[in-house]
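Protein chains in written order, with my numbering: chain A, 1 to 170; chain B, 1 to 110; chain C, 1 to 88.
A portion of the hints provided could be inaccurate.
The list that follows gives simulated cross-link-like pairs (lysine to aspartate or glutamate, DMTMM-like), each with its CA atoms no further than 25 Å apart [stated by the list, open to error]: (1) A:Lys166 / A:Asp31; (2) A:Lys166 / A:Asp132; (3) A:Lys163 / A:Asp136; (4) A:Lys97 / B:Asp28; (5) B:Lys96 / A:Asp132; (6) A:Lys110 / A:Asp144; (7) A:Lys166 / A:Asp112; (8) A:Lys166 / A:Asp136; (9) B:Lys96 / A:Asp144.
The hints are simulated quantities; they were obtained by calculation from the structure and are not laboratory data.
Next come the chains, spelled out residue by residue.
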Amino acid sequence: MKLKTRWAFIRFCITFLFLFAGWLLFTWSLDPGSLLAGFAAAFIIALLTFRIFVEEEEAGRRAHLLRPHMLLVFLVVLIFNMYIASFQVLFFILRGKINPAVVHFRTRLKADIARVALTSAITLTPGTITIDLEDDHLLVHWLDARTTHSRYAGNLIKGTYEKLLKRVWI
Amino acid sequence: MIIAAYVFFGLGIIFNIMGNIGVLVFPDVYTRLQASSTCSTTSVFSFFIGCMLYAGWGPITGRLVVITLFFFVTNPISAHIIGRFAWQSGIVPWRKSYLNRNDPSEDEDD
Amino acid sequence: MDLVLQYLVYFLIASCLLSMVRVIIGPSLPDRMIGLNLVAAQTLVILVILSVAMDRSIYLDVALVYDIFGFVGILALARYFSGTKEKP
Chain A
1 MKLKTRWAFI RFCITFLFLF AGWLLFTWSL DPGSLLAGFA AAFIIALLTF
51 RIFVEEEEAG RRAHLLRPHM LLVFLVVLIF NMYIASFQVL FFILRGKINP
101 AVVHFRTRLK ADIARVALTS AITLTPGTIT IDLEDDHLLV HWLDARTTHS
151 RYAGNLIKGT YEKLLKRVWI
Chain B
1 MIIAAYVFFG LGIIFNIMGN IGVLVFPDVY TRLQASSTCS TTSVFSFFIG
51 CMLYAGWGPI TGRLVVITLF FFVTNPISAH IIGRFAWQSG IVPWRKSYLN
101 RNDPSEDEDD
Chain C
1 MDLVLQYLVY FLIASCLLSM VRVIIGPSLP DRMIGLNLVA AQTLVILVIL
51 SVAMDRSIYL DVALVYDIFG FVGILALARY FSGTKEKP
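Chain A on its own, in the form it takes in the complex (with noise of 0.2 Å):
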């Protein structure tokens, strides 16, 4: 029991502060009367939803541990690769040679939240779209299919993002 009640204060201070790192955000003022309006408001809902923002069952420190200069460089890269995707989209448009198919692979990565980071940068790459999602099963429609071979369509399309995904959710 006193483990549960530890681990249920633990996710309520991981809300809390995601909440008011928002709320900072976006009022961007620091005076002593919005900083008191956003604690307040910050404080109840954190309260209230911690149950669904923050699953009992989730592994423990695995998931929640993440290094921010891992992400920015995640980041990085995955917008850099959004702008070279998008001109090979253009390509394809322009010149109405397509070659779809559907490939589905597997992925290593353990954390929930890192699998879902995975499916919303393959999605949010143009030219390959997550279709569905089981456990580590990842079914994606892909717009040039070089190879429809597991493996190898897996290094093409993951690759660098597993790589990257790995150091940041440890």
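With chain A held as given, fit chains B and C onto it using these hints.
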């Protein structure tokens, strides 16, 4: 600063036009979804970066960062929801040709 | 109000009308949802550009709420139609 903002606006306009043409031209639900992802992700992101550069450092930039992060979280999820809905309602993806499937790039050697 | 931003708003309104063509002629239900998603994204950009052009940071609240409701709308549409099979 203003020049960089105009460059990003130009990129956004190019991707917007091409994404709209792609949505009208492509033959199938999933390929249309790819073209709409070009339009609605990269073009919108270019416009946001252009607005951040145009407005400069201030309260507008902070709120724009929040909106951009929220857009980064929600937009791939809504594209994924549409694709999953099409997949579950039984729409078959369009292939280039069903006849000559035995080209050497599809050899399955595990 | 800058002239470039003004013409950008006009361009985005025309682009929204072009996206509505897919909503009208789409043969199946997911096609229309793709069109609606595009229109929602471009309307979000129109709101952001208007707020930057008029230099009022209060309009960005409207943009954020519009973003949330676009996402929830797509989610509700997919959940509502998920029981029905597509008729050819």
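How the hints compare with the structure:
The hinted pair formed by A:Lys166 and A:Asp31 fails the criterion: a straight-line CA distance of about 40 Å is larger than 25 Å. Taking the CA atoms of A:Lys166 and A:Asp132, the gap is near 21 Å; set against the 25 Å cutoff, the hint holds. Taken as a hint, the A:Lys163 and A:Asp136 pair is honoured in the structure, with Cα atoms around 16 Å apart against an allowance of 25 Å. Restraint check for A:Lys97 and B:Asp28: the C-alpha separation of about 14 Å stays at or below 25 Å, so the hint holds.
Taken as a hint, the B:Lys96 and A:Asp132 pair is honoured in the structure, with Cα atoms around 22 Å apart against an allowance of 25 Å. About 29 Å separates the Cα atoms of A:Lys110 and A:Asp144, which puts this hinted pair outside 25 Å; it is violated. This hinted pair checks out: A:Lys166 and A:Asp112 have alpha carbons roughly 12 Å apart, not beyond 25 Å. A C-alpha spacing of about 14 Å is found between A:Lys166 and A:Asp136, which places the hinted pair at or below 25 Å, so the restraint holds.
Taking the CA atoms of B:Lys96 and A:Asp144, the gap is about 11 Å. The hint holds against a cut of 25 Å.
The structure fails hints 1 and 6 (numbered hints given earlier, in ascending order).
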